Structure formats: C-alpha cells, structure tokens
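> If you're matching them up, the sequences are chains A and B in order.
So the first sequence is numbered by my numbering: it starts at 1 and just counts up by one.
So the second sequence is numbered by my numbering: it starts at 1 and just counts up by one.
Careful: at least some of the hints might be erroneous.
Stated by the list, open to error - With a cut-off of at most 27 angstroms between alpha-carbon atoms, the simulated DSSO-like pairs for lysine-lysine come out as follows:
(1) K127/B <-> K104/B
(2) K270/A <-> K185/B
(3) K203/B <-> K268/A
(4) K203/B <-> K99/B
(5) K104/B <-> K185/B
(6) K203/B <-> K270/A
(7) K181/B <-> K268/A
(8) K203/B <-> K181/B
Stated by the list, open to error - Beyond 12 angstroms from chain A on every Cβ pair, some chain B residues (computed):
(9) G79
(10) A100
(11) F119
(12) V121
(13) R122
(14) G147
(15) L168
(16) K203
(17) L210
(18) P211
(19) P223
(20) D227
(21) L266
(22) R280
As the list claims (entries may be wrong) - Derived, one-sided and incomplete: chain B residues facing chain A with beta-carbon distance under 7 angstroms:
(23) P31
(24) A44
(25) A113
(26) L128
(27) N254
None of these hints come from the bench; they were simulated from the model.
Since this is a predicted model, take the numbers as computed values, not measurements.
From the three backbone atoms N, C-alpha and C, an ideal C-beta is built for every residue, glycine too.
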Amino acid sequence: MITRLGRWIGKHLMLTLGILVLVYMYIPNMIVALMSFNDSSQSRNLYQFQSFTWDNWLNPCEPQGMCESLRVSISIGLLATLVATAIGTLAAFALVRHRFEGRSTANLMIFLPMATPEIVMGSSLLALFVAAGFGGQLGFWTILIAHIMFCISFVVVTVRSRLAGLDSNLEKAAMDLYANEWQTFWRITFPLVFPGILSAALLAFSLSFDDFIITNLNSGTTVTFPMFVWGAAQRGVPMQVNVIGTLMFILALAIVIGGEVAARRRAKGKAAAL
Amino acid sequence: MDSLQRVFGKNAAYWLIGPAALWLAVFFAFPMLSLLTTSLSDPAGSPITGYTLTWRVQNYIEVLGDYWPYMMRSLLYAGIATLLCLVLGYVLAYAIAFKAGRWKTVMLVLVIAPFFTSFLVRTLSWKLILADNGFIVNTLQTLHILGEDGRLLATPFAVIMGLTYNFLPFTILPLYTSLEKIDPKLNEAAADLYASPFQRFTKIVWPLSLPGVVGGTLLTFIPATGDYINASLLGSPNTQMVGNKIQQLFTTANDYPHAAALSVLLMAIIVGMVLVYVRRAGTEELL
Numbered sequence: 001m002i003t004r005l006g007r008w009i010g011k012h013l014m015l016t017l018g019i020l021v022l023v024y025m026y027i028p029n030m031i032v033a034l035m036s037f038n039d040s041s042q043s044r045n046l047y048q049f050q051s052f053t054w055d056n057w058l059n060p061c062e063p064q065g066m067c068e069s070l071r072v073s074i075s076i077g078l079l080a081t082l083v084a085t086a087i088g089t090l091a092a093f094a095l096v097r098h099r100f101e102g103r104s105t106a107n108l109m110i111f112l113p114m115a116t117p118e119i120v121m122g123s124s125l126l127a128l129f130v131a132a133g134f135g136g137q138l139g140f141w142t143i144l145i146a147h148i149m150f151c152i153s154f155v156v157v158t159v160r161s162r163l164a165g166l167d168s169n170l171e172k173a174a175m176d177l178y179a180n181e182w183q184t185f186w187r188i189t190f191p192l193v194f195p196g197i198l199s200a201a202l203l204a205f206s207l208s209f210d211d212f213i214i215t216n217l218n219s220g221t222t223v224t225f226p227m228f229v230w231g232a233a234q235r236g237v238p239m240q241v242n243v244i245g246t247l248m249f250i251l252a253l254a255i256v257i258g259g260e261v262a263a264r265r266r267a268k269g270k271a272a273a274l
Numbered sequence: 001m002d003s004l005q006r007v008f009g010k011n012a013a014y015w016l017i018g019p020a021a022l023w024l025a026v027f028f029a030f031p032m033l034s035l036l037t038t039s040l041s042d043p044a045g046s047p048i049t050g051y052t053l054t055w056r057v058q059n060y061i062e063v064l065g066d067y068w069p070y071m072m073r074s075l076l077y078a079g080i081a082t083l084l085c086l087v088l089g090y091v092l093a094y095a096i097a098f099k100a101g102r103w104k105t106v107m108l109v110l111v112i113a114p115f116f117t118s119f120l121v122r123t124l125s126w127k128l129i130l131a132d133n134g135f136i137v138n139t140l141q142t143l144h145i146l147g148e149d150g151r152l153l154a155t156p157f158a159v160i161m162g163l164t165y166n167f168l169p170f171t172i173l174p175l176y177t178s179l180e181k182i183d184p185k186l187n188e189a190a191a192d193l194y195a196s197p198f199q200r201f202t203k204i205v206w207p208l209s210l211p212g213v214v215g216g217t218l219l220t221f222i223p224a225t226g227d228y229i230n231a232s233l234l235g236s237p238n239t240q241m242v243g244n245k246i247q248q249l250f251t252t253a254n255d256y257p258h259a260a261a262l263s264v265l266l267m268a269i270i271v272g273m274v275l276v277y278v279r280r281a282g283t284e285e286l287l
C-alpha cells in the first residue's frame with residue numbers, strides 16, 4: 001500500500017517537475033506574445049508593458065527596415081534550406097546505404113561543424129573570404145554559403161536517423177513484385193523517408209532564419225532579421241519585432257501539428273484498409 | 001541500396017556524398033586553414049588588402065596575455081550553464097521518455113517549438129523579466145534575498161541563466177534519445193529484486209543514459225562557450241565572454257590576425273577538453 005502510494009507520487013512528481021521545466025522554457029515566448037500587444041508610443045526606450053493595443057499587429061512593417069530584413073532572411077532561409085536539404089539527403093543515403101572508402105572521414109566531416117562554436121566557424125569563413133579577395137563583397141551570397149554549410153550536418157543527421165530505422169525488406173518485397181529501381185525508390189523508399197526530409201528542412205530553415213553569430217561576421221552591409229533585432233536592441237526595440245516572433249512560432253507550430261495530424265489520419269486510413 | 005546503385009553506377013556512394021563533402025571541405029575545413037594562416041599573419045594589413053603570412057607566433061602570446069580572463073569566464077559560465085541544463089534537461093527528458101504516456105509526441109514538439117521564435121527576441125524578453133523594477137527582482141527584494149539596490153540584470157547570474165535557457169533544448173534531445181531506448185522491463189526487474197528507486201536510478205537508468213548525457217552536455221557546452229549574445233544582451237562589460245572579444249576584434253577593431261588567434265585558441269581548448277571528457281566518460285564510440 002505504502003509502496004504503491006510512493007510509486008504514484010514518484011510518477012507524478014517527475015511529470016510535474018518536467019512540466020515545470022517546460023513552463024520555464026515558455027516564459028519568454030509568453031512575454032514575446034504579450035509584448036506584441038504593447039503600446040510603446042509614449043516611450044520607446046522603456047522595454048516594459050505600458051498599455052494594450054492592436055497597432056503592432058495591424059502595422060507590422062512600420063519600423064523602418066524591419067520587413068526588408070525579414071524578406072532577406074526568408075529568401076536566404078528558403079534557398080539555404082533547399083540546397084542543404086537536397087545535398088544533405090543525398091549524403092545521408094550514402095552514409096546509411098553504402099560502405100565506401102573514406103566513409104569514416106565523411107562521418108567526421110559531417111559531425112565537426114556541429115561541434116564547432118559558431119564564432120569559430122564564422123570567423124574562419126570570414127578569414128577565407130578576405131584571403132580570397134572577397135573582403136569587399138560580403139553580403140547575400142556569402143551569408144547563403146555560410147548558412148548552407150552549417151545546415152548540411154543537421155540535415156544529414158536528421159535524415160540518417162530516419163533512414164537507419166527503415167525496414168529494407170519493404171524495398172526487397174517491391175523488387176520481388178517486379179517494381180524497377182525507380183518505381184521502388186519513388187513509391188517505397190522516398191515516401192517512407194519523406195517525413196525525415198521534411199523535419200530536416202524545417203530544422204534547416206529555423207537554423208538559417210535564426211542565425212546571428214556567423215551571419216554577423218559575413219554579412220557586409222546586408223541586414224537579416226536577427227541583425228535588425230540586434231541593431232534595434234542597442235537603440236530601443238520596436239514592438240513589431242514581437243509580432244514577427246509570435247507569428248513565426250504559430251506558423252511553425254501549425255506546420256508541425258498539421259504534419260502530425262496528416263500522418264495519423266493516413267495511419268488510421270491504412271489500418272482501416274487492412 | 002541496389003536501386004540507387006543501378007542508377008548511379010558503381011561509384012554511387014561518391015556521387016551521393018560528393019556535393020555535401022565538397023561543400024564542407026571548401027566552406028568548413030578549408031576556412032579553418034585560412035583561420036590558422038590569418039592567426040599567424042602580420043597584423044599590419046586590412047581586411048580589404050589582405051594579410052601577409054609571417055608566422056608571427058607572438059599573436060597567440062599577446063592574445064593570451066590580453067584576453068585570458070575572458071577565456072576563463074567563458075569556460076566557467078558555460079560550465080555552470082551546462083550543469084544546470086543537465087539537471088533541468090534530465091528531469092524533462094525523463095518525464096517525456098517514461099511518464100508522458102500518450103502525450104509523448106506533444107511534449108517533444110513543445111521542447112522544440114520555442115526555437116521558432118527568434119532566439120534574439122526571446123533573449124531580449126529575459127531582459128524584461130529580470131528588469132530592475134520587474135516582478136522577480138521586487139519579490140526577491142521583499143523577501144530580502146536580494147539587497148535593496150540589488151539587481152539581476154547585468155550580473156553573471158543573468159548571463160548564466162540566459163545561456164541555460166537558450167541551450168536547454170540541445171541537452172534535452174540527446175538525453176531523450178538515449179533514455180527512450182531503455183527497456184522499462186529492466187527497471188521492473190530491478191524492482192522485483194528489491195532495488196530501491198534510488199538504486200534503480202544509479203545502477204540502471206543513469207549508466208544507460210550516459211551516451212545522451214555526454215552528447216547533450218557537449219552540444220550545450222560547445223556553443224555556450226563561444227556565445228556572446230547572452231553576455232551582450234543580459235550582461236555588463238564585466239561579464240563579457242571570449243566571443244565578445246573575438247567579434248569586436250573582427251568587426252570593430254578590424255584586427256583579423258589577433259581575432260583569428262583568439263578563435264583558434266578557443267577551438268583548441270574546446271577540442272582538448274572534449275577529448276579528455278569523452279575519454280573519462282568512456283564513450284569514445286560517440287566520436
């Protein structure tokens with residue numbers, strides 16, 4: 001009786017503590033959402049809640065340069081995601097499905113960027129660009145090159161774990177049933193790996209969109225959204241920054257939840273068909 | 001797989017790994033060499049004209065003399081933040097892996113979701129939470145935990161707290177991955193054999209979660225050591241870390257050779273510490 005009671009408390013104690021940690025992780029998000037409704041027209045320098053307003057949501061692009069920086073961040077984010085996801089996915093296939101000479105070197109090369117502080121990666125790229133004579137041409141393209149570089153590793157790791165968990169018997173079965181290589185790949189392998197590719201792409205976009213340290217060193221005069229926020233932090237942050245933060249959060253959550261619901265519905269449909 | 005093998009021919013693996021390997025070689029490995037040569041170059045030069053390699057080892061000695069307190073502070077702050085992340089992260093990862101039941105996926109998504117609100121914007125909001133006239137400071141002052149003119153913002157506490165907050169998900173995910181693999185039956189068996197909950201944790205769960213502990217602490221400690229955003233936004237000039245200095249040397253002082261030397265030094269210290277740590281934890285196979 002006592003041990004059962006102890007176990008019951010123990011079980012819920014850990015869950016309660018875990019939820020408390022989650023709450024801690026969400027305090028800033030709640031503040032960001034709250035501040036997006038803050039009327040800061042009286043005093044821009046005071047970063048505290050003054051009075052409620054819809055204005056920030058109705059005129060999100062009011063702060064000069066903010067939406068331009070957002071456009072830059074989104075274009076770099078999309079391009080970096082596209083390239084990094086494509087070549088990272090190919091690399092993941094090579095690492096899981098093939099034994100080749102240099103495989104462990106390739107693995108190390110993929111792992112190292114994740115184990116290098118951003119400031120070191122950013123400064124080494126800058127040193128390269130300057131040494132190669134591109135010191136005066138830093139901007140959109142140098143940022144894009146850098147972002148693709150640090151996204152690749154995360155894409156490989158994400159897709160690789162999905163691919164490693166795949167049952168290769170499914171592919172063998174398809175081949176036994178006279179599917180050719182392309183049919184097997186597009187009808188069996190790709191759909192099964194696709195969720196992994198999708199989460200890798202989502203991760204790559206968020207890493208690119210959010211990066212500050214590497215971008216700041218290699219940006220020249222180009223301003224991305226995090227750089228706009230950084231610059232604004234020295235002067236007084238426009239409240240619209242919080243609108244963008246909240247909007248991105250809702251959008252990402254919608255994508256993740258939408259994907260989960262779709263996957264469950266498909267699983268249910270398949271179960272019903274059986 | 002055979003299907004890909006047929007399409008790409010015998011060298012399929014190299015065609016597949018090629019683009020990623022090439023990109024990382026040119027824009028990750030090669031720049032490291034560039035950083036190394038810059039760090040040994042004559043500081044008399046400019047980012048536009050470039051620097052000449054003179055094997056000037058003094059750069060390192062000068063940088064070490066000038067900035068070692070920043071280096072030590074970075075390691076200290078990052079170390080404390082990593083320990084805090086480990087404690088908080090372990091609790092949450094354990095709860096998700098063993099106690100969340102059908103809420104597992106939801107909780108896991110919730111761990112990653114804050115990522116999508118810009119990291120800088122979230123860090124700025126801590127400025128508000130820890131503000132001098134804010135709720136937390138006022139409460140602590142009423143309780144006499146904090147002196148009347150005591151503050152949280154612009155103290156080492158704020159910086160360490162910011163680091164802990166920002167890198168917590170990096171600790172949680174590897175921890176969760178290795179905790180999730182533990183068979184609950186092992187715990188049940190130990191309980192049947194009269195192991196106390198504490199014994200079950202120290203003899204079963206903790207040792208089996210070690211790969212996650214090592215992975216998670218590394219993924220937290222390494223970026224935290226190089227970070228300067230928390231120190232800049234939440235700290236004061238007295239809490240600056242080595243990242244602040246590297247960034248200043250590059251962007252405001254335009255002194256690339258010294259900046260590069262400091263950067264190489266940071267990387268060397270981190271690699272050294274990681275190797276010792278991984279050896280001692282007995283998890284070499286992680287690398």
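> If a hint holds in the structure, say so; if it doesn't, say that too.
Status of each hint after checking the structure:
1. For the proposed pair K127/B and K104/B, the alpha carbon gap of about 32 angstroms is over 27 angstroms, so the pair is violated.
2. For the given pair, K270/A sits about 31 angstroms from K185/B by alpha-carbon distance, which is inconsistent with the 27 angstroms threshold.
3. For the given pair, K203/B sits about 40 angstroms from K268/A by alpha-carbon distance, which is inconsistent with the 27 angstroms threshold.
4. Distance check on the hinted pair: K203/B and K99/B sit about 19 angstroms apart at the alpha-carbon level, within 27 angstroms; holds.
5. Using a Cα cut-off of 27 angstroms, the hinted pair K104/B and K185/B holds, with the two alpha carbons roughly 19 angstroms apart.
6. Among the hinted pairs, K203/B with K270/A is inconsistent with the structure: their alpha-carbon atoms are about 42 angstroms apart, more than 27 angstroms.
7. Taken as a hint, the K181/B and K268/A pair is honoured in the structure, with Cα atoms around 26 angstroms apart against an allowance of 27 angstroms.
8. For the hint linking K203/B to K181/B, the alpha-carbon distance of about 16 angstroms falls within 27 angstroms, and the restraint holds.
9. Residue placement check: G79/B keeps its beta carbon more than 12 angstroms from all beta carbons of chain A (closest about 14 angstroms).
10. The claim that A100/B is not at the interface with chain A is violated, since a C-beta of that chain comes within 12 angstroms of its own (minimum 7 angstroms).
11. Against chain A, the non-interface label of F119/B is violated: not every CB pair exceeds 12 angstroms, the least being about 5 angstroms.
12. Listed as a non-interface residue, V121/B fails to keep its Cβ farther than 12 angstroms from every Cβ of chain A; the least gap is roughly 4 angstroms.
13. Against chain A, the non-interface label of R122/B is violated: not every CB pair exceeds 12 angstroms, the least being about 4 angstroms.
14. Every CB of chain A lies more than 12 angstroms from the CB of G147/B, the least distance being 22 angstroms, so the non-interface label holds.
15. Listed as outside the interface, L168/B is inconsistent with that label: its C-beta sits roughly 6 angstroms from the nearest C-beta of chain A, within the 12 angstroms cut-off.
16. No beta-carbon of chain A comes within 12 angstroms of the beta-carbon of K203/B; the shortest separation is about 17 angstroms.
17. Every Cβ of chain A is farther than 12 angstroms from the Cβ of L210/B; the closest lies at roughly 18 angstroms, confirming the non-interface assignment.
18. Distance to chain A confirms P211/B as a non-interface residue, since its nearest Cβ pair spans about 14 angstroms, more than 12 angstroms.
19. Chain A draws P223/B into its interface by the beta-carbon criterion, the shortest separation being 6 angstroms against a cut-off of 12 angstroms.
20. Consistency note on D227/B: stated as away from chain A, yet its beta-carbon is not over 12 angstroms from all of that chain's, at 8 angstroms minimum.
21. With a closest Cβ-Cβ approach of about 6 angstroms to chain A, L266/B is found to fall inside the 12 angstroms limit, against its non-interface label.
22. Separation of R280/B from chain A is adequate, the least Cβ-Cβ distance of about 17 angstroms exceeding the 12 angstroms criterion.
23. Hint status for P31/B: holds, given a least beta-carbon distance of 4 angstroms to chain A, under 7 angstroms.
24. The closest approach between the C-beta of A44/B and any C-beta of chain A is roughly 15 angstroms, which is over the 7 angstroms cut-off, so the hint fails.
25. The criterion of a C-beta within 7 angstroms of any C-beta in chain A is met by A113/B, whose closest approach is roughly 6 angstroms, and the hint holds.
26. At about 6 angstroms, the closest approach between the beta carbon of L128/B and any beta carbon in chain A falls short of 7 angstroms, and the interface hint on this residue holds.
27. A cut of 7 angstroms between beta carbons decides the hint on N254/B: the least distance to chain A is about 10 angstroms, and the hint is violated.
Hint compliance for this structure: hints 1, 2, 3, 6, 10, 11, 12, 13, 15, 19, 20, 21, 24 and 27 are broken, all remaining hints hold.
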